Amino acid sequence: MLAATFIKNLSESRLELEFTLNNGILVLFGPSGAGKTTVLQCISGLASPDGGYISLNGRTFYSSEHKINIPARLRNIGYVFQDYALFPHMTVKQNAMYGVRGCKGKDRGDKVKRYRLTVLEVLEMLKITDLQDRYPAQLSGGEKQRAALARALMTEPELLLLDEPLSALDDKTRFQLQKELKKLQREWEIPFILVTHSRSELKALGDQALLLTNGRQYRSLTEIKICN
Amino acid sequence: MNMHPIILSIKVALISTIIVMLLGTATAWLLCRIRFSGKNILETVIGLPLVLPPTVIGFGLLLLFGRNALLGSFLENTLHIQVVFTWRAAVIAAVVVSLPLMYRSARAAFETVDGNLESAARTLGASELRIFLTVTLPLALPGILAGILLAFARALGEFGATLMLAGNIPGRTQTIPLAIFFAAESGDMRTAGYLVAVITLASFVVTYSINAWFGRKETQFSRQRGERNAGSDFY
Chain W
10 MLAATFIKNL
20 SESRLELEFT
30 LNNGILVLFG
40 PSGAGKTTVL
50 QCISGLASPD
60 GGYISLNGRT
70 FYSSEHKINI
80 PARLRNIGYV
90 FQDYALFPHM
100 TVKQNAMYGV
110 RGCKGKDRGD
120 KVKRYRLTVL
130 EVLEMLKITD
140 LQDRYPAQLS
150 GGEKQRAALA
160 RALMTEPELL
170 LLDEPLSALD
180 DKTRFQLQKE
190 LKKLQREWEI
200 PFILVTHSRS
210 ELKALGDQAL
220 LLTNGRQYRS
230 LTEIKICN
Chain G
6 MNMHPIILSI
16 KVALISTIIV
26 MLLGTATAWL
36 LCRIRFSGKN
46 ILETVIGLPL
56 VLPPTVIGFG
66 LLLLFGRNAL
76 LGSFLENTLH
86 IQVVFTWRAA
96 VIAAVVVSLP
106 LMYRSARAAF
116 ETVDGNLESA
126 ARTLGASELR
136 IFLTVTLPLA
146 LPGILAGILL
156 AFARALGEFG
166 ATLMLAGNIP
176 GRTQTIPLAI
186 FFAAESGDMR
196 TAGYLVAVIT
206 LASFVVTYSI
216 NAWFGRKETQ
226 FSRQRGERNA
236 GSDFY
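The listed protein sequences correspond, in order, to chains W and G. Convert by adding 9 to the 1-based position in the first sequence; the result is the number in my numbering. Convert by adding 5 to the 1-based position in the second sequence; the result is the number in my numbering.
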């Protein structure tokens, strides 16, 4: 379970959040500039909140009270960037494998044993097996998105963060990937947090939604059941 | 024909380039990532040899490394390493004048690497060292290679500071530029002309390699990244 209660000062406003997430897809919804990406960065450890508490499955990642701030690389949170951030000098397969070699020693042994899936299985699941030897520059937007998903999933994250994953895609690909994301979440049974400014995506994907609006204070609508 | 200036020049340029490559890349990487007061001053000091007259650099180095200077006497009396009037002095002069070229190329190269890629590597569990070796460095490599070549060419051509710190001792500290100057001054145009041909050819090859490398890289990378590479705007 993800529990997050934190504040973060933005350049012109202040972000205040309080939510918990057990499973399913939480959609972070709001206009551009509302701090949606900042929320993902604080949860993943790429940015530090200015106070509060973040924990995932009992592990405290951030606590201003206890002066805890676990670095991003130890949080085991998958992050799919808005521009995918695929390594341009590596093939799809090398990209997907990058997070696997990150663990060493005993950790690595455990992790390898624990793996449910090999890289080929993940690529197969995302239908990009044929593309494994291609470089990101040779991929379409939808294919890049799948490659970025594969790379994040290969680390077997306990939580997956997706920053506007479908915004750069054409309607057909977007619709297709929407369905697949939903299916993926049901299969992997880890919570997803998905950032979007599109109302249709909110409706199609959200099990829960958190609304971020501009203003001095952020109103949070916690655990609104949209679909279920 | 006396080959000594050529051999000495290559030795001095190679050693100084190795030092500058490590020092310049490490400094550029650090200064890209950390902020501290006085950073601007440090960057200015590193870049100063580009604009200062070589005699000023030579004078400054004499103040540091001279026999009676603080660093010079420590090196000579405690570590028994003589600096002035040896090939080491030529290396030091070459390092100081070529470091800004390496630093600027590396700095520009690191700045073109998308910070999101490093963030992505972080979320994939990579340590900062691994990120540097597997993401930042490979993507910055063209600019870094350009910096290395420029630093080598600059070290090969160093004259003023070398003359002041290392002197002109034939067979010991006389590099190609010094040999050209003193041969021409004494009217030995044949030796001077021969050495001029050697160093011009070497510089041509270095510059041509950079241009050819970037010409190839640009067609490759413009497909891949849609942007020009760092260092290519040096020429």
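By construction, these hints were calculated from the structure, which means they are not laboratory data. All figures in this text were calculated on a predicted structure; none of them were measured in a lab. Treat the hints with caution; some may be incorrect.
[Stated by the list, open to error] Here are the simulated SDA-like cross-link-like pairs (lysine to any residue), alpha carbons at most 25 Å apart as the crow flies:
| # | chain 1 | residue 1 | chain 2 | residue 2 |
| --- | --- | --- | --- | --- |
| 1 | W | K102 | G | I136 |
| 2 | W | K102 | G | G65 |
| 3 | W | K192 | W | T138 |
| 4 | W | K192 | W | L220 |
| 5 | W | K102 | G | I20 |
Taking the hints in turn, this is what the structure says about them:
no.	hint	result
1	W/K102 x G/I136	holds (18 Å)
2	W/K102 x G/G65	violated (54 Å)
3	W/K192 x W/T138	holds (19 Å)
4	W/K192 x W/L220	holds (24 Å)
5	W/K102 x G/I20	violated (40 Å)
Of the numbered hints stated above, those contradicted by the structure are hints 2, 5, listed in ascending order.
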